[in-house]
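Q: Based on the hints, put chain F in the right spot on chain A.
Chains as they are written, first to last, in this note's numbering: chain A, 1 to 311; chain F, 1001 to 1220.
Rather than coming from a laboratory, the hints here were simulated on the basis of the structure. These figures come from a predicted structure and were not determined experimentally. Some hints here could point you the wrong way.
Now the stretches of chain A that chain F is said to cover, found in silico as 3 or more residues with beta-carbon under 8 Å [unchecked claim]:
id, stretch
1, 282-295
2, 299-305
With a Cα cut of at most 27 Å, we get these calculated DSS-like pairs of lysine-lysine [stated by the list, open to error]:
id, chain 1, residue 1, chain 2, residue 2
3, F, Lys1150, F, Lys1030
4, A, Lys283, F, Lys1086
5, A, Lys283, F, Lys1150
6, F, Lys1030, A, Lys283
Across the chosen pairs, the derived CB separations fall in these ranges [claimed, not checked]:
id, chain 1, residue 1, chain 2, residue 2, range
7, F, Val1147, A, Pro254, 58 to 68 Å
8, F, Val1004, A, Leu204, 51 to 61 Å
9, A, Ser119, F, Thr1034, 35 to 45 Å
10, F, Ser1097, A, Ala257, 34 to 44 Å
11, F, Phe1207, A, Ser37, 36 to 46 Å
12, A, Ile97, F, Leu1113, 29 to 39 Å
13, F, Arg1031, A, Asn32, 23 to 33 Å
14, A, Val276, F, Ala1143, 31 to 41 Å
15, F, Ile1071, A, Ile97, 17 to 27 Å
16, A, Phe49, F, Phe1006, 33 to 43 Å
17, F, Tyr1121, A, Met286, 43 to 53 Å
18, A, Pro254, F, Ser1097, 43 to 53 Å
19, A, Gly249, F, Leu1113, 56 to 66 Å
20, F, Thr1095, A, Leu204, 18 to 28 Å
Beta carbons: idealized from backbone N, C-alpha and C, even for Gly.
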Amino acid sequence: MIWLNVAQALLLVAIAPLVRGVIARLKARIQNRRGASVWRPYADLAKLFRKEDLTPPSASIVFRFAPMIVFAATVTAAAFVPVVHGSALLGATGDFILLVYLLALSRFFLSLGAMDGGSSFGGMGASREALVSALAEVPLLLGLVAVAILARTATLAGIVQWTVRQDFTQISAVHALAFAALALVAIAETGRIPVDNPTTHLELTMIHEAMVLEYSGPSLALIEWASAVKLSVLLALLIAVFAPWGMAGGVSVPALALATLAFLLKVFVLALAIAVVESSIAKLRMYLVPDFLGVASALAILAVVFTALMR
Amino acid sequence: MHLVHFAAARALASSAVFLFITVLLMATAKRISTCIVLFSAQCAIITAEILAMAYVHKSPEAYAVAALVLIVKVLAIPYALFRIVKNLQAPGDITASTTAAQSVFIAAGLILLSFFAVEPYSETLRVDTDMLAAAIALVLSGAFLMVSRKKALAQVIGLLVLENGIFLAALTTTFGMPLVVEIGIFFDLLMGVFLMGLFVFRIRDTFEHLDVSKLRRLRG
Chain A
1 MIWLNVAQAL
11 LLVAIAPLVR
21 GVIARLKARI
31 QNRRGASVWR
41 PYADLAKLFR
51 KEDLTPPSAS
61 IVFRFAPMIV
71 FAATVTAAAF
81 VPVVHGSALL
91 GATGDFILLV
101 YLLALSRFFL
111 SLGAMDGGSS
121 FGGMGASREA
131 LVSALAEVPL
141 LLGLVAVAIL
151 ARTATLAGIV
161 QWTVRQDFTQ
171 ISAVHALAFA
181 ALALVAIAET
191 GRIPVDNPTT
201 HLELTMIHEA
211 MVLEYSGPSL
221 ALIEWASAVK
231 LSVLLALLIA
241 VFAPWGMAGG
251 VSVPALALAT
261 LAFLLKVFVL
271 ALAIAVVESS
281 IAKLRMYLVP
291 DFLGVASALA
301 ILAVVFTALM
311 R
Chain F
1001 MHLVHFAAAR
1011 ALASSAVFLF
1021 ITVLLMATAK
1031 RISTCIVLFS
1041 AQCAIITAEI
1051 LAMAYVHKSP
1061 EAYAVAALVL
1071 IVKVLAIPYA
1081 LFRIVKNLQA
1091 PGDITASTTA
1101 AQSVFIAAGL
1111 ILLSFFAVEP
1121 YSETLRVDTD
1131 MLAAAIALVL
1141 SGAFLMVSRK
1151 KALAQVIGLL
1161 VLENGIFLAA
1171 LTTTFGMPLV
1181 VEIGIFFDLL
1191 MGVFLMGLFV
1201 FRIRDTFEHL
1211 DVSKLRRLRG
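If we strip away everything but chain A, and leave its shape as in the complex, we get:
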């Protein structure tokens, strides 16, 4: 059992760059470009790990340690999400609130590192990230709370096991609203269009890229890998909470193989959705981002209230 839980957490960490590569490739195909290979993010990471790690002369020790804490917190969060069967490595030791705040911890240290770097871009990016994450925290927590109230348990594994037992043709208002809220949050949290543009490197409105401008070499590799893991953690969270059907019931090789295949297929569908959305809409102005997350908050609050109305 334990090796299986380790394996599924590692799966999430290992496929994270691939998910990014697939989204980039799908976007390229939609925009009539050929696009880079889906394995390119791995090559990028390998290249960065071999490079020299430069530190600005003004930076303190925080700058050096921030990428490691960011990566560690994100990977720990990955160990909470059930992927191929109904439990997780740390599923029994913490609930979804811990998962949310592990991601918040990673963001906090990323912002600290950005401000410590000393460039003006880093400070700007950090303050924007603080704004976005403060606004995204409410819908993320409330969306999960709504589902947790339905499942009557706070652990992610418990929520997943409850959802698997439900009939998937029963579309409940709570699930529809919570899914909409969490999907909007996932877009904001992972810095995708329309909140942030992940492909830009020189734009006044960039958020994530502005924060990592001063990083280089292995530190940059850790941060980039962590942000890729965060994307796949949030996608896996959406899948686990709203569409876990297909997960292995017991521990047998065919069931697990089927569950892994189903998971990869669901991730591909979500990646396709992200690629279509990113190709068809423009980035929001920075001042409209609170409005975007306000919509997510309203949906999440409505989802929580509906748990009392619709049984």
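A: Coordinates of chain F only, in the frame set by chain A:
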């Protein structure tokens, strides 16, 4: 046959949820064309619901009503509205007086309000609470769309949503009106849309914009 039965039951059970989603999306929509597509989707959901009701209650009249809704509301009215938008050659934004987040909060509040409003009646009328609440929510949010949108065309869509709500309320409480009355209502609605279209053109020609908050020149 088993599959049709299943689909009908599901359509009845989950159409309220989809109607709420269309209302919330309409509150966030920034363009007239999005609103028109959402209105068409809303009417398609109502069509599915009438079809499911017709199947469950074995009523041939309801099939005719469903066909009318499909032709008039899902196809004809959105087509007419798109024609108006195209011929107006005015900017396609709706200029709301509330931000998207505020609109969604208000629409969410109206949905909750409608749940509390129908609670005492659903027992005595012996109807589905969700459906009746969805109908009242459509009426309230249609009215809200009318008062919060500044462009004349967006207000027309608000009125159409309101009408959808009244239609749905009649459908859930009395299982629809007689077919002749229903046909009369649909033609009324179609004429209404054409008249409002003409009116919108007149507003544009006289004032060179569609923003009703600037219509102050009529004061004596």
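Q: The structure should be examined with respect to each hint, and the outcome stated for every one.
A: Right, here's what the structure says about each hint:
no.	hint	in the structure
1	282-295	holds (count 6)
2	299-305	holds (count 4)
3	F:Lys1150 to F:Lys1030	holds, 12 Å
4	A:Lys283 to F:Lys1086	holds, 26 Å
5	A:Lys283 to F:Lys1150	holds, 25 Å
6	F:Lys1030 to A:Lys283	holds, 15 Å
7	F:Val1147 to A:Pro254: 58 to 68 Å	holds, 59 Å
8	F:Val1004 to A:Leu204: 51 to 61 Å	holds, 57 Å
9	A:Ser119 to F:Thr1034: 35 to 45 Å	holds, 40 Å
10	F:Ser1097 to A:Ala257: 34 to 44 Å	violated, 56 Å
11	F:Phe1207 to A:Ser37: 36 to 46 Å	violated, 57 Å
12	A:Ile97 to F:Leu1113: 29 to 39 Å	holds, 31 Å
13	F:Arg1031 to A:Asn32: 23 to 33 Å	holds, 25 Å
14	A:Val276 to F:Ala1143: 31 to 41 Å	holds, 34 Å
15	F:Ile1071 to A:Ile97: 17 to 27 Å	violated, 51 Å
16	A:Phe49 to F:Phe1006: 33 to 43 Å	violated, 54 Å
17	F:Tyr1121 to A:Met286: 43 to 53 Å	holds, 47 Å
18	A:Pro254 to F:Ser1097: 43 to 53 Å	violated, 59 Å
19	A:Gly249 to F:Leu1113: 56 to 66 Å	violated, 43 Å
20	F:Thr1095 to A:Leu204: 18 to 28 Å	holds, 27 Å
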